[in-house]
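Order-wise, the sequence lines are chains R, V, S and D. Oh and the first sequence: position 264 is 635 in our numbering, straight run, nothing missing. Oh and the second sequence: position 40 is 411 in our numbering, straight run, nothing missing. Oh and the third sequence: position 187 is 558 in our numbering, straight run, nothing missing. Oh and the fourth sequence: position 229 is 600 in our numbering, straight run, nothing missing.
Some hints here could point you the wrong way.
SDA-like cross-link-like pairs, simulated, lysine to any residue; straight-line CA separation at most 25 angstroms [what the hints assert, rightly or not]:
1) D/LYS431 to V/ILE645
2) V/LYS397 to D/ASP448
3) V/LYS437 to S/GLU573
4) V/LYS422 to D/GLY663
5) D/LYS487 to D/TYR499
6) S/LYS494 to D/VAL646
7) R/LYS494 to V/LYS572
8) D/LYS422 to V/ILE726
9) R/LYS572 to D/ARG414
10) V/LYS422 to D/GLN461
11) D/LYS397 to V/LYS422
12) D/LYS397 to V/THR664
13) R/LYS431 to S/LEU660
14) R/LYS469 to R/ALA444
15) V/LYS469 to V/ILE440
16) S/LYS725 to R/ALA444
17) D/LYS644 to D/ILE590
18) R/LYS433 to S/ASN653
19) D/LYS494 to D/SER600
20) R/LYS685 to R/ASP552
21) V/LYS422 to D/VAL646
22) S/LYS378 to S/THR446
23) V/LYS685 to R/ALA444
24) V/LYS725 to D/GLY663
25) D/LYS422 to R/LEU550
26) R/LYS644 to S/ILE429
27) S/LYS489 to S/GLU468
28) V/LYS652 to V/ILE726
29) V/LYS572 to S/LEU660
30) R/LYS685 to V/ALA596
31) D/LYS547 to D/VAL646
32) S/LYS483 to S/ILE429
33) V/LYS431 to D/GLY722
If you are wondering where the hints come from, they were derived from the structure by calculation, not from laboratory data.
Protein chains: 4
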Amino acid sequence: MANSTSKSGRISIIGASGYGGLQLVKLINEHPIFEISSLYGERSAGKSWNKLNPFLKISKDKEIVKSNIDEIAMTSDYAILSLPNGLSSQLTPLLLEKGIKVVDLSADYRFKSLDKWKEVYTKEANKYPRFDYELCEEATYGFSEEFYNDIKNSRLIACPGCYPTSSVSVLIPFLKQGLIDSEGIIIDAKSGTSGGGRNPKEELLLSECSESIKPYGVIGHRHTAEIESIASHFAGHDVYLQFTPHLVPMVRGILSTVYARLRDPGLTAEDCKIVIEAFYKNQPFIDILPVGTYPATKWVKNTNKVMISVEVDKRNGRIVLMSVIDNLLKGQAGQAIQNLNIIHGLDSDIGLPKITYYP
Amino acid sequence: MANSTSKSGRISIIGASGYGGLQLVKLINEHPIFEISSLYGERSAGKSWNKLNPFLKISKDKEIVKSNIDEIAMTSDYAILSLPNGLSSQLTPLLLEKGIKVVDLSADYRFKSLDKWKEVYTKEANKYPRFDYELCEEATYGFSEEFYNDIKNSRLIACPGCYPTSSVSVLIPFLKQGLIDSEGIIIDAKSGTSGGGRNPKEELLLSECSESIKPYGVIGHRHTAEIESIASHFAGHDVYLQFTPHLVPMVRGILSTVYARLRDPGLTAEDCKIVIEAFYKNQPFIDILPVGTYPATKWVKNTNKVMISVEVDKRNGRIVLMSVIDNLLKGQAGQAIQNLNIIHGLDSDIGLPKITYYP
Amino acid sequence: MANSTSKSGRISIIGASGYGGLQLVKLINEHPIFEISSLYGERSAGKSWNKLNPFLKISKDKEIVKSNIDEIAMTSDYAILSLPNGLSSQLTPLLLEKGIKVVDLSADYRFKSLDKWKEVYTKEANKYPRFDYELCEEATYGFSEEFYNDIKNSRLIACPGCYPTSSVSVLIPFLKQGLIDSEGIIIDAKSGTSGGGRNPKEELLLSECSESIKPYGVIGHRHTAEIESIASHFAGHDVYLQFTPHLVPMVRGILSTVYARLRDPGLTAEDCKIVIEAFYKNQPFIDILPVGTYPATKWVKNTNKVMISVEVDKRNGRIVLMSVIDNLLKGQAGQAIQNLNIIHGLDSDIGLPKITYYP
Amino acid sequence: MANSTSKSGRISIIGASGYGGLQLVKLINEHPIFEISSLYGERSAGKSWNKLNPFLKISKDKEIVKSNIDEIAMTSDYAILSLPNGLSSQLTPLLLEKGIKVVDLSADYRFKSLDKWKEVYTKEANKYPRFDYELCEEATYGFSEEFYNDIKNSRLIACPGCYPTSSVSVLIPFLKQGLIDSEGIIIDAKSGTSGGGRNPKEELLLSECSESIKPYGVIGHRHTAEIESIASHFAGHDVYLQFTPHLVPMVRGILSTVYARLRDPGLTAEDCKIVIEAFYKNQPFIDILPVGTYPATKWVKNTNKVMISVEVDKRNGRIVLMSVIDNLLKGQAGQAIQNLNIIHGLDSDIGLPKITYYP
């Protein structure tokens with residue numbers, strides 16, 4: 372049985388003090404099988420985790436240390452990298468060589484083609500010279516529900532971006548089965564501010580973004596390429612779509628409102644709901660809502676869930692798909708643990724929250 | 372000269388204690404030409420305005436009274452109705468008969484066809500029997516920038532809904548000139564909670580909507596019909612579109628992100644910007660932002676402005692139009708005063724705020 | 372050993388759809404020992420819990436039913452009452468008679484003297500005639516850390532109010548040991564809006580309370596009497612103090628800033644910290660922060676913790692005590708479960724969250 | 372008549388892009404008498420104001436320039452300094468020498484004694500060597516309501532801090548008339564995040580401070596010294612008090628809840644209200660609320676008002692004073708303009724907002 376294993380899983384977290392790192396520390400600290408073997412960070416190296424983070428004390432306090440490949444290799448089975456784009460690719464090959472399995476939260480291994488990555492992440496490509504073409508091809512895209520078997524046997528997981536996780540979760544069932552036009556898809560996405568990270572920036576100050584909503588990265592946002600890449604994979608041909616992210620005055624959560632055209636305009640919202648339900652049957656983290664019930668990001672806050680709703684405009688056969696996630700959990704650290712559960716032979720939902728504290 | 376007039380404008384506000392009413396009281400209280408002749412309200416009748424509203428004291432305090440047509444006729448040149456849908460239609464004909472010009476904030480006269488109204492506002496149509504077909508035809512749709520000449524000579528203005536004001540402001544220039552496909556238009560709109568009014572409802576509690584974003588009224592929202600009606604008017608043929616409103620955890624503001632397809636895919640964002648600029652030349656409340664600068668609702672908070680930005684995806688000729696307004700001002704009470712300025716022969720921007728207090 | 376028991380604890384929740392009820396449902400649903408036996412509610416009687424609450428699905432769905440004493444007696448070991456003040460006292464005696472142990476979240480049994488209750492809760496006293504003097508004397512005040520032994524053997528627990536829980540947690544160590552003047556104590560408390568409940572009220576709308584802070588219930592708030600009653604108990608004489616609550620634009624959390632005068636002005640902040648640490652030694656839910664680290668309500672959100680900090684002004688021997696809780700958990704439903712754990716012979720922290728998801 | 376003057380007032384704003392600067396730009400741009408002569412800033416020097424700030428376009432666009440004393444002298448009658456503490460003192464003497472009157476928003480001239488300033492602002496004193504003892508003595512503390520006559524004839528105004536403005540406004544009437552004990556005063560103050568400025572800091576990110584309230588600067592906050600200095604001035608003897616600021620998840624606003632003991636415990640809340648009303652008679656920016664009506668910061672947002680309420684606990688003769696301001700207007704830039712109005716011989720309320728846009 373999958374969850375009968377009790378072989379320990381020792382995990383190094385590299386980049387522990389960002390928002391992704393904080394989630395990892397909490398999740399692993401409370402995980403029944405995994406344990407934190409070490410915490411790596413540049414800024415806070417030499418300090419006690421529990422003193423630095425009185426709101427997130429771990430059961431066995433650790434000193435934060437500078438990353439050291441040999442040490443990680445000696446103490447850990449897995450490493451989760453929560454590092455800036457580009458920097459991950461400098462550590463990953465070294466860790467893999469030592470036999471450490473890597474779950475990477477950056478964008479560095481999300482594209483099968485390193486050249487595509489260099490095209491999309493130009494600035495990072497200039498800063499970090501990369502030649503790891505094979506690794507890019509080898510890496511598994513960690514959308515847990517779709518790539519379960521690949522993840523199980525992978526030593527390098529590229530965790531999806533937060534927006535892609537939310538968007539493709541509703542597109543895949545329809546693209547894979549050819550139920551919607553792959554042309555003309557529009558993703559209007561809304562994210563809380565934690566998606567912008569913990570490094571202080573003027574536009575993320577409460578004074579600036581409270582009581583306001585605004586679009587950003589219109590047309591050219593980097594996640595467009597990632598979403599298109601996955602959408603194309605499932606459609607079986609190149610897909611180009613519109614993706615517009617918006618900054619919402621809240622901490623956590625992403626809502627994607629996705630517009631497309633049904634190939635068969637006779638399908639009803641109920642039909643489409645059944646399509647998604649069948650597709651995600653028995654998936655512990657995917658909830659399909661009744662037609663007419665629309666998801667609020669609050670409903671999945673602090674959980675690893677995706678909540679999905681679908682509507683169809685009978686007048687013109689257009690479909691509206693709605694999907695909410697917690698950007699820091701299912702959109703980042705939660706999905707990382709979900710993937711590690713799979714790799715480690717556990718049920719994918721071990722140690723992951725499913726119900727929010729409402730309100 | 373337009374603004375040389377000093378003939379007083381005495382205005383009755385009917386329904387003063389809702390959010391629309393509060394804006395009207397403030398705007399008229401500080402207006403150089405207009406004055407509040409009387410304040411009508413059911414709930415608070417008999418009470419002093421200034422005692423009830425210590426945060427919005429008017430220079431000459433008034434007792435709130437129950438609406439009385441004869442009294443309004445004696446004391447007022449204009450009446451602004453800030454009443455529930457359906458109820459407006461019961462008072463408006465009586466006021467017009469007495470020679471009072473009416474600016475109505477409800478949806479009652481927004482459709483040229485009363486039958487259309489009855490179809491969209493079914494519940495209200497059942498509650499309030501209406502036969503004022505001619506008035507519906509006569510009424511002027513108060514989108515000030517487009518219907519200036521009609522407004523000037525009208526005795527009954529139907530002020531646009533908040534979502535329609537924001538959405539059609541960016542669509543009109545392109546629909547009127549046939550620059551975009553009228554098929555496949557998608558409006559993804561985001562509103563603050565004040566759009567839901569001041570009557571307490573569970574879903575508008577801070578506890579419920581803070582730290583969350585959610586869609587509502589998907590497919591069937593009533594403003595869809597209003598937007599389509601105006602869009603059709605300017606396109607010269609029937610337009611059907613997708614409109615999805617979302618509730619954002621902020622008090623004021625609407626952002627509409629509008630997606631359409633350019634007829635000439637060779638147009639650039641700069642070209643499109645020039646189109647809008649030319650269209651709205653010399654309009655004091657419409658600001659076109661440089662390409663690449665996207666509007667935040669905060670930029671227009673507490674003002675009567677519309678801020679607009681445009682982007683084009685060169686890959687596929689799709690256009691993304693963004694427009695922000697303050698839903699209670701340009702989206703409601705501010706536009707009402709703008710229309711009254713026009714009717715009264717004043718410059719349209721007299722007494723209306725143009726710059727926000729930032730942040 | 373305390374936590375070796377596995378005797379099941381079947382719990383009826385009476386009043387499940389308010390904010391307190393929602394917490395109870397979640398906590399018990401995920402509790403390793405307890406289970407929900409039935410869910411009682413007036414408004415939603417006859418409906419499926421999971422259909423009504425798609426964001427809080429329980430493992431075995433239940434129909435919400437109208438409260439029925441016989442049924443509760445047959446199916447439950449415990450009843451938690453999350454009802455309006457006054458109403459609890461109408462059910463409690465009947466439940467106790469049937470041998471059901473009661474944990475009451477209302478104020479009905481928080482005063483040893485029923486006459487005191489009638490004086491403070493005048494309106495409720497007029498609506499619900501009460502003569503249960505003995506029950507008031509018998510009931511145990513459920514501040515878990517202080518009344519552990521009484522709770523253990525009690526059949527009726529009066530769970531403390533949210534403000535009292537936060538305030539007295541920092542006062543008790545000093546009052547009991549006579550370290551501060553009992554005269555001149557000032558409690559300046561700040562609460563999120565969920566403390567005002569789920570029933571829609573104008574002043575709790577996001578539009579009203581967002582971007583604002585205000586005092587309310589100045590001088591006469593009902594929790595003053597409850598705080599004074601507990602403070603007097605520990606001081607050994609009557610204590611009168613100032614308590615001023617404030618409404619903060621956030622959902623969950625209470626911060627109490629408490630001012631008092633040290634009897635021995637030579638005590639330092641470090642000394643006082645040691646006093647509290649010694650007092651709350653081994654308490655799993657009480658965290659004393661290092662001097663100079665001040666607690667944010669966010670640090671305890673969605674947990675059952677109390678985080679405490681202390682400062683002393685050397686110039687004048689004044690002490691400033693700061694305490695944060697989650698008003699719906701330690702301040703309400705969490706403490707109820709903590710008390711049930713104790714009654715049931717479990718470790719007091721079974722099934723209760725200790726670490727927040729930050730941010 | 373005071374406001375009959377039409378002599379222009381040309382004002383240089385030095386430090387225009389912080390939150391204080393933004394308010395100044397808006398207020399002066401819309402002021403009927405004053406005009407912006409130049410805008411100085413280091414970071415944005417060389418850029419167009421209107422391009423940088425599309426949400427705050429001024430009628431005659433200006434290039435932001437590096438500060439240049441000679442140029443300021445040639446173009447301006449007044450300079451408002453919105454600079455970091457310490458830096459102001461480097462420019463002020465040079466400006467005064469050229470005959471420019473200076474309104475300083477920093478703390479540099481708020482203490483009559485430069486030595487006191489050096490003691491409180493140690494870090495700044497180390498960075499900026501100062502010997503301008505006479506200027507410190509000469510400078511006028513710009514609490515407009517109390518120092519009107521001094522302000523009128525002053526060439527150097529030290530604008531009060533935001534917390535002091537809010538706190539001392541309610542203390543002065545009682546301290547000056549000896550109605551409260553000067554011992555044991557407690558000020559529990561709550562501020563929005565804009566008080567922390569526009570420079571990005573982790574603790575001011577929306578992700579960090581949203582959904583949370585926390586104390587900071589407990590005991591040692593620098594504004595304590597400023598408040599004590601003013602309180603001592605009006606009491607006629609040294610006053611030491613407790614001041615605890617808190618960070619509230621909102622943009623603008625300060626609420627001070629002030630606790631003291633009445634010398635005559637027989638005074639009622641109504642009596643105390645009359646005391647304040649008489650004290651602030653005819654002051655256009657001070658509103659005394661009816662007893663039992665408590666002020667929300669929202670009521671004064673975007674205005675230059677102070678709203679005040681008072682309660683008395685009859686049991687013990689303790690008084691609770693509540694005062695709200697907009698920290699960026701009455702607490703900073705608004706009061707600066709109020710002072711300039713006075714200096715320029717205008718009515719003090721010219722060009723300053725008195726009524727908020729609610730909600």
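Violated hints, by number in ascending order, as checked against the structure: As far as the earlier hints go, 2, 6, 7, 10, 11, 16, 17, 23, 24, 25, 29, 32 are violated by this structure, in ascending order.
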